[in-house]
Amino acid sequence: MSTHDDVQSSRREQRNQPSRLIRSRRLRWLGGRSRASEQAERTGPASQVGQASQMGQMDQVGQVGQVGQPSQGGQAGQAGMVGLGGATSQDGGSIPGIQPLEMAAADFGNLRAQHSAMRQRGAAMAGQREGVGWLYARIYCAGGDDTDALLPEVAQWLDRARGQWDIRSAHFLRFVDLRGHHIRLRLKAVEGVLDEAYASMRELGAVAQRTEARTVERLVSDPMTGGIGASRPGITFGVYGPEYDKYGGVAGVEEAERHFYVSSRWCLDHQVWQIPRPVPRAALAARFLALAARSAPLPEAELLSAHLRMWGSRLPAHLRDGSALGPIVQQLLEVIEFQFDEIPSWSQAAAAVGELADDAGRAIGVMGAGTGGRRALDLLHIDVNRLGLNPAEECIAGLCARQLLTGGAVPPAQPSAAVG
Numbered sequence: 001m002s003t004h005d006d007v008q009s010s011r012r013e014q015r016n017q018p019s020r021l022i023r024s025r026r027l028r029w030l031g032g033r034s035r036a037s038e039q040a041e042r043t044g045p046a047s048q049v050g051q052a053s054q055m056g057q058m059d060q061v062g063q064v065g066q067v068g069q070p071s072q073g074g075q076a077g078q079a080g081m082v083g084l085g086g087a088t089s090q091d092g093g094s095i096p097g098i099q100p101l102e103m104a105a106a107d108f109g110n111l112r113a114q115h116s117a118m119r120q121r122g123a124a125m126a127g128q129r130e131g132v133g134w135l136y137a138r139i140y141c142a143g144g145d146d147t148d149a150l151l152p153e154v155a156q157w158l159d160r161a162r163g164q165w166d167i168r169s170a171h172f173l174r175f176v177d178l179r180g181h182h183i184r185l186r187l188k189a190v191e192g193v194l195d196e197a198y199a200s201m202r203e204l205g206a207v208a209q210r211t212e213a214r215t216v217e218r219l220v221s222d223p224m225t226g227g228i229g230a231s232r233p234g235i236t237f238g239v240y241g242p243e244y245d246k247y248g249g250v251a252g253v254e255e256a257e258r259h260f261y262v263s264s265r266w267c268l269d270h271q272v273w274q275i276p277r278p279v280p281r282a283a284l285a286a287r288f289l290a291l292a293a294r295s296a297p298l299p300e301a302e303l304l305s306a307h308l309r310m311w312g313s314r315l316p317a318h319l320r321d322g323s324a325l326g327p328i329v330q331q332l333l334e335v336i337e338f339q340f341d342e343i344p345s346w347s348q349a350a351a352a353v354g355e356l357a358d359d360a361g362r363a364i365g366v367m368g369a370g371t372g373g374r375r376a377l378d379l380l381h382i383d384v385n386r387l388g389l390n391p392a393e394e395c396i397a398g399l400c401a402r403q404l405l406t407g408g409a410v411p412p413a414q415p416s417a418a419v420g
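Numbering (UniProt numbering), first residue to last: 1 to 420.
Among these hints, one or two may not hold up.
[As the list claims (entries may be wrong)] Restraint ranges, calculated between C-beta atoms of paired labels, are given here: (1) Thr406 <-> Thr215: 32 to 38 Å; (2) Pro299 <-> Arg179: 40 to 46 Å; (3) Gln164 <-> Leu405: 40 to 46 Å; (4) His318 <-> Thr406: 43 to 49 Å; (5) Pro276 <-> Arg160: 27 to 33 Å; (6) Arg294 <-> Arg162: 42 to 48 Å; (7) Arg162 <-> Gly407: 40 to 46 Å.
Quick caveat, the hints were computed from the structure, so don't treat them as lab data.
What you are looking at is a predicted structure, and each value in this text was computed from that prediction instead of being measured.
The C-beta atom is built at its ideal place from N, Cα and C for all residues, glycine as well.
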């Protein structure tokens, strides 16, 4: 074959191979290759390592991107594709827009040091929370709506649990669903403790099955939370999902859970189930709301007006004017003013409820009151729920709280402005 034929054959082979420009464009679509990686391609072995690193999601080098810093991950990939190939810098100046290889290697060393520091901080945070979680149980009444009947056993079980295990936090609230009225109990501890607590907590299900079904006397009925007839007593377990939107993010939820612990402990220590219903119990809630409104970082009148708008629609239609509400609110005021000695369980709790109100005000200050005071009202609602009031009774307790702070006539509930 002639020399001319050899040259023609060589040219045909070159035409059959994709150009560097076309190849680099394709790789950018596949793996986001940058011009630095194209420069590394020309250095021989570095291109093979860099391409494998890029196509393998930067297994060896691109781990920097896993700690929440994509831009650093991209830089690490560029530098790593050069550094791993062992290439040296070209003679002469660097190509415009591409940093010299020794600088890239130095930058990669800095990134690796940053990554190491971030991993250490992440490991420390993980160590602080390692294996800590929540156990969430629902303990159902046999029927009716008397969740007070379950609280003595819940209090005793929690006392034993605190003495036996390292309980980080615990709180309860009252709720009703299609199965019936129940206590929701949540326990925070390390996983080993939660396993043991889970086995022990099942005894509360047996207690619920032995508890007599009762319907409590209410100051005002609320059809949405009334008794649902026969229900299935016992215990079930679920997954606790913190309400980050409601309480203002992670920090807000942490503060809310801290207050939930304080509030639950206060209610169990002061045996709220011993306080007679319906008037003394509602009077205690009114005193709490008045003191909490005074402690919260929001004008008292503004917060209690928002409270009325939030819960006014839960009142029966015949109670949605001031003349009808006045006599009921007056009953609560008389308990607060004159019956400290006649109801010992009420007087002891009423004397100490300022502690709970102050802590609620502190929590609201940390979380923020929210738009229109809504976050503050949500927190206070759960406190009143633990005291055992339904939303309609809570509305009247809020009206009484306003009377305690400002005096004057009882304002009408305005359902047109109410929500909820």
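C-beta pair Pro276, Arg160: status relative to the range 27 to 33 Å that was hinted: For Pro276 and Arg160 the Cβ distance comes to about 28 Å; the hint holds.
May I ask you to test the hint 42 to 48 Å on the CB atoms belonging to Arg294 and Arg162? Check failed, 32 Å falls outside 42 to 48 Å.
CB of Thr406 to CB of Thr215, is that within 32 to 38 Å? holds, 35 Å
Just tell me: holds or violated, for the beta carbon distance of Gln164 and Leu405 against 40 to 46 Å? Distance hint for Gln164, Leu405 holds at roughly 44 Å.
For the pair His318 and Thr406, does the Cβ-Cβ distance stay inside 43 to 49 Å? Roughly 25 Å apart at Cβ, these two residues miss the hinted range, so it is violated.
Measuring from beta carbon to beta carbon, are Pro299 and Arg179 in 40 to 46 Å? holds, 41 Å
Taking 40 to 46 Å as the hint, is the beta-carbon distance of Arg162 and Gly407 inside that range? holds, 43 Å
Of the numbered hints stated above, those contradicted by the structure are hints 4 and 6, listed in ascending order.
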